[in-house]
Structures are given as C-alpha cells and as structure tokens.
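Residue-level listing of the chains:
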Amino acid sequence: MFDSLGQFISAIGNFVTLTALFHICWSTLLGIVIGSLPGLTATMGVALMTTLTYKLSPDLAVLILICMYVGAIYGGSRSAILLNIPGTPANAATTLDGNPLARQGLAGKAMGIATSGSVLGSIIGMIFLATIAPSLADWALKFQSYEFFWLAIFGIVVSGHLTALDDPIKGWIAGFLGLMVAMVGQEGIHAYERFTYGSTALLGGFALIPAMVGAFGFAEVLTVMRNPVAELVTKTNDSVVPKLGEVFRYWKTIIRSGIIGTGVGIIPGVGEDIGAWVSYAAARRKSKEREKFGKGSIEGLMAAECGNNAAIPGALIPVLTLAIPGSAPAAVLLAAMLIHGIRPGPLIMIESPDFVYQVVAMVLFASLAILVFGLSLTKVLLKVLTVPRERLMPIVFVLCAIGSYAITNRTFDIWVMMGFGVIGFILREMKYPMAPLVLGIILGDIVDKSLRRGLVLTDGDFMPFLTRPICILLWAITISSILMSIPAFRKMVGRVVAKVRPGRGEA
Amino acid sequence: MKPENLVRADFITGIVLIVFSLTVLEESWRMPRLEQLGAHPMSAPGLVPGVLAAVLLILGSVLTLRSVKRGGHHLGLNGESIGRAFREPGNLRCLITLVMCIVYAGFLIGSIPYWLGTGIFVFLFVTIFEWRPGLETSARIKALAIAVIMGVVVSAAVTWIFQEVFLVTLP
Numbered sequence: 000m001f002d003s004l005g006q007f008i009s010a011i012g013n014f015v016t017l018t019a020l021f022h023i024c025w026s027t028l029l030g031i032v033i034g035s036l037p038g039l040t041a042t043m044g045v046a047l048m049t050t051l052t053y054k055l056s057p058d059l060a061v062l063i064l065i066c067m068y069v070g071a072i073y074g075g076s077r078s079a080i081l082l083n084i085p086g087t088p089a090n091a092a093t094t095l096d097g098n099p100l101a102r103q104g105l106a107g108k109a110m111g112i113a114t115s116g117s118v119l120g121s122i123i124g125m126i127f128l129a130t131i132a133p134s135l136a137d138w139a140l141k142f143q144s145y146e147f148f149w150l151a152i153f154g155i156v157v158s159g160h161l162t163a164l165d166d167p168i169k170g171w172i173a174g175f176l177g178l179m180v181a182m183v184g185q186e187g188i189h190a191y192e193r194f195t196y197g198s199t200a201l202l203g204g205f206a207l208i209p210a211m212v213g214a215f216g217f218a219e220v221l222t223v224m225r226n227p228v229a230e231l232v233t234k235t236n237d238s239v240v241p242k243l244g245e246v247f248r249y250w251k252t253i254i255r256s257g258i259i260g261t262g263v264g265i266i267p268g269v270g271e272d273i274g275a276w277v278s279y280a281a282a283r284r285k286s287k288e289r290e291k292f293g294k295g296s297i298e299g300l301m302a303a304e305c306g307n308n309a310a311i312p313g314a315l316i317p318v319l320t321l322a323i324p325g326s327a328p329a330a331v332l333l334a335a336m337l338i339h340g341i342r343p344g345p346l347i348m349i350e351s352p353d354f355v356y357q358v359v360a361m362v363l364f365a366s367l368a369i370l371v372f373g374l375s376l377t378k379v380l381l382k383v384l385t386v387p388r389e390r391l392m393p394i395v396f397v398l399c400a401i402g403s404y405a406i407t408n409r410t411f412d413i414w415v416m417m418g419f420g421v422i423g424f425i426l427r428e429m430k431y432p433m434a435p436l437v438l439g440i441i442l443g444d445i446v447d448k449s450l451r452r453g454l455v456l457t458d459g460d461f462m463p464f465l466t467r468p469i470c471i472l473l474w475a476i477t478i479s480s481i482l483m484s485i486p487a488f489r490k491m492v493g494r495v496v497a498k499v500r501p502g503r504g505e506a
Numbered sequence: 000m001k002p003e004n005l006v007r008a009d010f011i012t013g014i015v016l017i018v019f020s021l022t023v024l025e026e027s028w029r030m031p032r033l034e035q036l037g038a039h040p041m042s043a044p045g046l047v048p049g050v051l052a053a054v055l056l057i058l059g060s061v062l063t064l065r066s067v068k069r070g071g072h073h074l075g076l077n078g079e080s081i082g083r084a085f086r087e088p089g090n091l092r093c094l095i096t097l098v099m100c101i102v103y104a105g106f107l108i109g110s111i112p113y114w115l116g117t118g119i120f121v122f123l124f125v126t127i128f129e130w131r132p133g134l135e136t137s138a139r140i141k142a143l144a145i146a147v148i149m150g151v152v153v154s155a156a157v158t159w160i161f162q163e164v165f166l167v168t169l170p
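As given, the protein sequences belong to chains P and S, one line each in that order. So for the first sequence, numbering that gives the first Met the number 0 puts the first residue at 0; every next one is plus one. So for the second sequence, numbering that gives the first Met the number 0 puts the first residue at 0; every next one is plus one.
Incorrect hints may appear among the rest.
Straight-line alpha carbon distances no greater than 35 Å define the calculated DSBU-like cross-link-like pairs of lysine-lysine that follow [unchecked claim]:
{"#": "1", "chain 1": "S", "residue 1": "K1", "chain 2": "P", "residue 2": "K294"}
{"#": "2", "chain 1": "S", "residue 1": "K141", "chain 2": "P", "residue 2": "K378"}
{"#": "3", "chain 1": "P", "residue 1": "K287", "chain 2": "P", "residue 2": "K490"}
{"#": "4", "chain 1": "P", "residue 1": "K448", "chain 2": "P", "residue 2": "K430"}
{"#": "5", "chain 1": "P", "residue 1": "K285", "chain 2": "P", "residue 2": "K448"}
{"#": "6", "chain 1": "S", "residue 1": "K1", "chain 2": "P", "residue 2": "K430"}
{"#": "7", "chain 1": "P", "residue 1": "K294", "chain 2": "P", "residue 2": "K251"}
{"#": "8", "chain 1": "S", "residue 1": "K1", "chain 2": "P", "residue 2": "K291"}
{"#": "9", "chain 1": "P", "residue 1": "K291", "chain 2": "P", "residue 2": "K382"}
{"#": "10", "chain 1": "P", "residue 1": "K382", "chain 2": "S", "residue 2": "K1"}
{"#": "11", "chain 1": "S", "residue 1": "K1", "chain 2": "P", "residue 2": "K490"}
{"#": "12", "chain 1": "P", "residue 1": "K490", "chain 2": "S", "residue 2": "K68"}
{"#": "13", "chain 1": "S", "residue 1": "K68", "chain 2": "P", "residue 2": "K430"}
{"#": "14", "chain 1": "P", "residue 1": "K498", "chain 2": "S", "residue 2": "K68"}
Derived list of chain S stretches under chain P, where covered just means 3 residues or more per stretch with a C-beta under 8 Å from a C-beta of chain P [said to hold, decoys possible]:
{"#": "15", "stretch": "69-82"}
{"#": "16", "stretch": "100-109"}
{"#": "17", "stretch": "117-126"}
For the record, the hints were derived by calculation from the structure and aren't laboratory data. Given the structure is predicted, the values throughout are model-derived calculations rather than measurements. Here a beta-carbon is modelled for each residue, glycine too, at the ideal position from N, C-alpha and C.
Please take these sequences and the hints and turn them into a complete structure.
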C-alpha cells in the first residue's frame with residue numbers, strides 16, 4: 000500500500016518539470032479543442048497525435064496522448080451544451096440536459112458543472128486505476144492461451160452488443176471484420192503469408208495507426224462535410240465557476256457515476272459513451288428530481304460527464320494489465336505504447352511497475368489541466384466552435400495523410416488510411432459501430448495465436464477451453480450476451496422471470 | 000441514412016459479406032497445413048481465418064434474411080433515384096470532398112513537391128466550399144484571400160514541422 004503510494008508520488012515528481020508541464024498544457028488544450036469540434040473525436044485526436052509524437056521519449060509521448068484523450072472526452076461536452084451535438088460520441092448523454100440548460104440562458108453554469116463532473120469522474124477512475132490495475136495484473140498471470148482466447152471473443156461480442164444496442168448483429172459484424180483484417184500478413188506461428196497476394200507491403204499486415212487514422216480521421220472528415228451546419232448557442236453570460244455546494248450536493252451521483260463509468264470502461268471495447276449512458280440512466284433512476292431529467296437537470300449533466308470521464312482510467316486498466324483496450328481511443332493508445340517499446344500485459348507489474356503509476360499520475364495531471372482550462376478559457380473555446388468546417392477539414396485531412404506516411408515513410412500507408420476511411424465512413428453511415436472494429440484489429444493476433452496454441456497444447460481437444468474456471472465465466476457471459484439479443488429468447492426469459500418474481504419480468 | 004434505405008443497404012451488405020466469407024473460407028481451406036514440416040495440424044495458418052469466415056457467413060446470412068423479410072431486396076435502383084441521391088447537397092459535398100482527398104493524397108503527393116501539393120489542396124478545398132452563388136465580389140475576394148493565406152500557412156507549417164522537426168523525408 001505505502002509502496003504504491005511512494006511510487007505514485009515519485010511518478011508525480013517525474014512530471015513536475017517545465018518540459019512535462021508544457022506538454023501537459025498544450026496537449027490537453029488541443030484535446031479540448033479537438034473534442035469540442037463536432038466530428039473530431041478522441042480516437043482521431045489520439046491517433047493523429049501518435050503520428051506526431053513517435054520521436055519523443057515513451058513517457059512524454061504517452062503523457063501527451065493521455066492528456067489528449069482526457070481533454071478530448073471532456074471537450075466534447077462544449078459542443079454538446081452549446082450546439083446540441085456531442086463533440087465526441089462519449090458526450091451524447093450530455094446533450095440531454097446540457098443543451099436545455101444553455102437554452103435557458105445557463106450555458107456557463109452547464110459548462111461549469113460539466114467541467115467539475117469530468118474532473119471528479121477522472122479522479123474517481125484514477126483511484127480505481129491505481130488500486131485495481133496491480134491486482135488485476137497479478138490475477139492475469141494465471142491466464143493461459145485458453146483464457147486469452149475467450150477474453151478476446153468476450154471483448155468482441157460484449158463490445159459489439161453494447162455499442163450497437165438496437166442492432167447487435169452490426170456490432171458483431173464490425174468486430175469480426177476487425178478480426179479478419181488482423182489476419183492479413185505473416186501469421187505469428189509459422190510466418191506463413193496470409194492474404195498478401197505477393198505484396199511485400201502487406202507482409203506485416205495493415206499498419207494499425209494508418210488504419211485508425213483513416214477509420215476515425217478521414218471518415219470523420221467525410222461525415223462532417225456531409226452533415227448540415229448546427230446552430231450555436233453563444234450567450235454565456237453567467238458564471239462558469241460552479242459553487243462548491245452545488246457540485247457536492249450531488250456527491251452520491253458523483254461517486255455512483257464514477258464507479259459505473261470505471262466499471263464500464265474496464266469492459267473491453269465498450270468505452271466512454273456507454274459509461275455516460277449507464278451513469279445517466281442510474282442517476283435518473285435514483286434521483287429525487289427525476290422529472291427534471293432531459294429538461295436541464297444539473298444532476299443528469301453531472302452523471303453523464305462524470306461517467307464518461309471515469310471510463311477513461313477504467314479503459315486504461317485492461318490496456319495496462321491485459322493488453323486489451325477498454326475503448327477505441329485506448330486501442331490507439333495501446334498501439335502507441337507498443338510503437339514506443341512499452342509492453343503492457345500481465346507482466347507489467349513485474350517488468351515495469353513504475354509505468355503503471357506514471358499513467359495514474361498522467362491522468363491526474365490531465366484532470367487538473369481540464370479543470371484549469373475548462374474554467375478559464377470559456378470565451379476562447381467558444382471561438383473555436385465558430386471556425387467554419389470548410390477551413391478546418393482540409394487541415395485535418397492533410398494531417399491524416401502526412402501522419403499516416405510519417406511513421407514508416409511508406410506512401411502505401413496513405414492508401415491504407417484512405418481505404419479504411421472510406422470503409423469506415425460507409426459502415427458508420429449504415430450504423431455499424433467503430434469500436435468493435437478497432438478492438439477486432441487489435442485482438443486478432445491474440446485470437447489467432449491463443450486458439451491455435453491452445454489446441455496444439457491439448458492435441459486438438461477443445462475441452463480445456465470450456466472447462467477452466469475463468470473460461471467458464473467468460474464463455475457464459477459471451478453466450479448470454481448473444482442469446483439475450485435474440486428477441487424470442489429475451490421474451491422467454493422475461494416470462495420465466497415474471498413467473499418467479501411477479502411484476503419484475505416485463506421488459 | 001433513412002430507415003428504408005438502411006434495410007436495402009443491409010441486403011447489399013449481407014450479400015457482400017456472404018460472398019466475402021465464402022471466398023475467405025475457400026482460401027483458408029487451400030492454405031498449407033505444413034504437416035510435411037512436422038507442424039501440428041491444429042496450428043495450420045488457415046484455421047482461424049476459416050473459423051472467422053464461418054462466423055461472418057452466419058452473420059451475413061442472418062443480415063440478408065432479416066433484410067429480405069423487411070423488403071430490403073426491392074432495391075428500387077433507377078436513374079432517377081441515383082440522380083436524386085447525387086443532387087442532395089450533403090451527398091454532393093461528401094462526394095466532392097472524397098474526390099479531392101483521393102486526388103491529393105493518392106496522386107498529388109509524390110508527383111509534385113509536397114509543399115506545393117498541400118498548398119494547392121488546401122486552397123482549392125477552402126475556395127470550392129466557400130464559393131456560394133450570389134456572393135458579392137468583395138466577399139468573393141475575401142474568401143479567395145483567406146484560401147490563399149490558408150494554403151500558404153498550412154503547407155509551410157506542416158512541411159516545416161515534419162521535415163525539420165520530425166526529420167521525415169517527405170513524399
């Protein structure tokens with residue numbers, strides 16, 4: 000316990016230098032700007048920033064990426080409040096109460112509450128990151144190929160279900176397509192070339208960063224240019240600094256949303272948007288002012304922003320301990336860590352325990368930065384929202400192109416970026432979620448190696464995959480998730496529950 | 000996308016997925032098992048792609064059947080509907096953006112100096128999208144001036160950062 004505290008304090012000390020503080024300031028601010036611009040998401044910001052920081056030292060590069068991540072998820076609340084358009088998908092729940100508050104002339108108050116909610120959510124998540132990650136890494140040492148195989152499939156299925164609640168089949172298609180993309184190139188056991196068709200550029204498979212820059216950057220450029228321009232609420236004459244009493248009046252909501260957000264963040268590939276929605280729904284269920292929800296409820300806004308920001312440290316927990324991302328931006332962050340030679344996974348607490356506490360400290364600094372910038376730069380950030388998309392999008396695309404090229408100096412990667420951009424745009428238009436696709440690309444290698452290694456070890460017997468204790472838990476949740484998405488099965492369960500507990504089974 | 004178009008899109012996607020997964024299944028089956036090298040048959044390179052293709056085949060079939068049940072197989076594609084889709088302002092903006100981005104990143108980069116290609120792309124992008132009919136001459140001159148300034152500044156800044164700071168050999 001005291002050992003961990005000591006490592007955390009030493010990690011904080013690492014970043015109290017002029018260089019680190021400078022990087023924290025600009026990257027968080029840029030994150031807020033990117034997040035606040037509708038269409039530009041945290042994933043795109045982190046992906047683009049990875050291409051701009053690959054020459055820096057690993058700790059500074061990861062610091063910049065985490066500040067960008069935290070800043071962007073928070074920044075999305077600005078456009079949610081002022082434009083009624085979530086800046087990032089994570090801020091969709093924020094629009095429900097944030098924009099009605101702005102329309103009532105309370106835009107400043109709404110931004111202040113969103114800022115405090117985001118900061119408190121990040122800090123609650125950070126506490127869980129510091130406490131859960133070491134134990135989870137310890138526990139994950141027991142994982143073998145069988146468990147990793149199910150963990151990856153569990154991630155794809157649950158992420159596919161939760162990110163496409165209306166139509167889970169599309170989430171699963173996206174996830175399995177992602178896994179399929181990862182099959183291209185030399186496989187990891189015999190170095191056999193799969194689906195390369197003689198192309199040397201494809202030997203290493205599709206590079207992750209250009210693929211993500213395309214799926215999130217270029218696809219977003221096309222989406223933004225397609226959509227109509229939104230109306231901006233510019234009256235922010237009330238104070239942005241919230242009263243402490245007003246914030247802590249909702250302490251139960253803050254703690255609940257922080258815990259829910261972190262919990263949702265830990266689930267592979269689910270991420271901040273679901274963290275916000277689940278926190279919002281829980282706050283509404285427990286609230287004494289339920290009727291205000293959707294009409295400008297401070298509590299609802301607080302819950303949504305607390306939930307989405309708490310999901311960030313939550314999503315970092317599986318990244319660090321299992322090398323499995325909890326969200327789409329965390330997937331890019333994982334790829335960036337690998338580029339910088341950091342090896343996240345169960346061995347992290349043995350090989351580099353300091354790094355885990357450094358990440359905790361990074362989240363703390365990013366949270367403090369959004370508090371300072373969020374409360375002090377209201378007018379400047381408002382100006383950002385007035386920049387016409389016609390002037391912004393060419394810059395974004397220029398960065399997408401050169402960023403994809405710069406990592407390995409290959410023009411082929413520019414084509415990869417454009418290919419994934421067009422596919423990502425089409426899939427998005429057809430309501431396919433992007434998070435399972437990204438998760439699939441990341442997890443493909445784990446699925447491939449784990450299944451084949453496990454089967455070789457058991458001489459082709461699949462039983463250990465089904466009978467080991469952790470495997471049972473993982474496949475049971477996976478199968479339940481699939482079954483519960485079938486309406487006939489859901490109705491049947493509803494009828495059974497209604498018989499056992501009358502009044503509870505109706506959906 | 001409108002719900003009726005989504006159902007049609009699901010039908011097309013389902014068919015594409017079925018064809019795609021059948022192709023991958025066939026390719027995976029034809030991959031060597033490497034038994035002559037002493038490799039265990041369960042480590043065959045085609046095993047996982049084959050399993051994934053089978054899953055995608057099931058998902059694609061479900062998507063197609065569901066779409067057919069909702070009438071998605073009546074595609075209703077004709078000259079008029081395609082023309083209407085192209086005339087829709089959002090689609091038109093998106094198409095122009097797509098063409099400009101492909102021409103810039105796919106063909107301009109590498110054919111002419113990077114700074115020049117980037118400058119031309121930014122200038123044309125801003126000019127085309129800010130050029131609205133009925134604009135006064137002074138407003139047009141202002142828009143052109145902004146486009147020129149943006150082209151020069153963005154091109155110079157990106158070239159300098161990547162070439163001088165990140166030491167990247169630009170395409």
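Comparing the hints with the structure gives:
Between the alpha carbons of K1 of chain S and K294 of chain P the distance comes to roughly 28 Å, so the proposed pair stays at or under 35 Å and holds. In summary, the hint linking K141 of chain S to K378 of chain P is supported, as the alpha carbons are separated by about 25 Å, within the 35 Å threshold. Taking the CA atoms of K287 of chain P and K490 of chain P, the gap is near 31 Å; set against the 35 Å cutoff, the hint holds. For the given pair, K448 of chain P sits about 31 Å from K430 of chain P by alpha-carbon distance, which is consistent with the 35 Å threshold.
Between the alpha carbons of K285 of chain P and K448 of chain P the distance comes to roughly 45 Å, so the proposed pair goes past 35 Å and is violated. For the hint linking K1 of chain S to K430 of chain P, the alpha-carbon distance of about 11 Å falls within 35 Å, and the restraint holds. This hinted pair checks out: K294 of chain P and K251 of chain P have alpha carbons roughly 21 Å apart, not beyond 35 Å. As the CA atoms of K1 of chain S and K291 of chain P are separated by approximately 31 Å, the hinted pair is consistent with the 35 Å bound.
Distance hint between K291 of chain P and K382 of chain P is fulfilled; the C-alpha atoms sit about 30 Å from each other, no more than 35 Å. Restraint check: the Cα-Cα separation between K382 of chain P and K1 of chain S comes to about 33 Å, which is no more than 35 Å; the hinted pair holds. For a cut-off of 35 Å, the pair hint linking K1 of chain S to K490 of chain P stands: about 28 Å separates their Cα positions. For the hint linking K490 of chain P to K68 of chain S, the alpha-carbon distance of about 21 Å falls within 35 Å, and the restraint holds.
Using a Cα cut-off of 35 Å, the hinted pair K68 of chain S and K430 of chain P holds, with the two alpha carbons roughly 19 Å apart. For the suggested pair K498 of chain P and K68 of chain S, the alpha carbons sit about 32 Å apart, so the restraint of at most 35 Å is met. Chain P is given as covering the stretch 69-82 of chain S, and this is violated because 0 residues of the stretch bring a CB closer than 8 Å to a CB of that chain, at least three being needed. Counting residues of the stretch 100-109 of chain S whose CB lies closer than 8 Å to any CB of chain P gives 7, which reaches the minimum of 3, so the coverage claim holds.
Counting residues of the stretch 117-126 of chain S whose CB lies closer than 8 Å to any CB of chain P gives 5, which reaches the minimum of 3, so the coverage claim holds.
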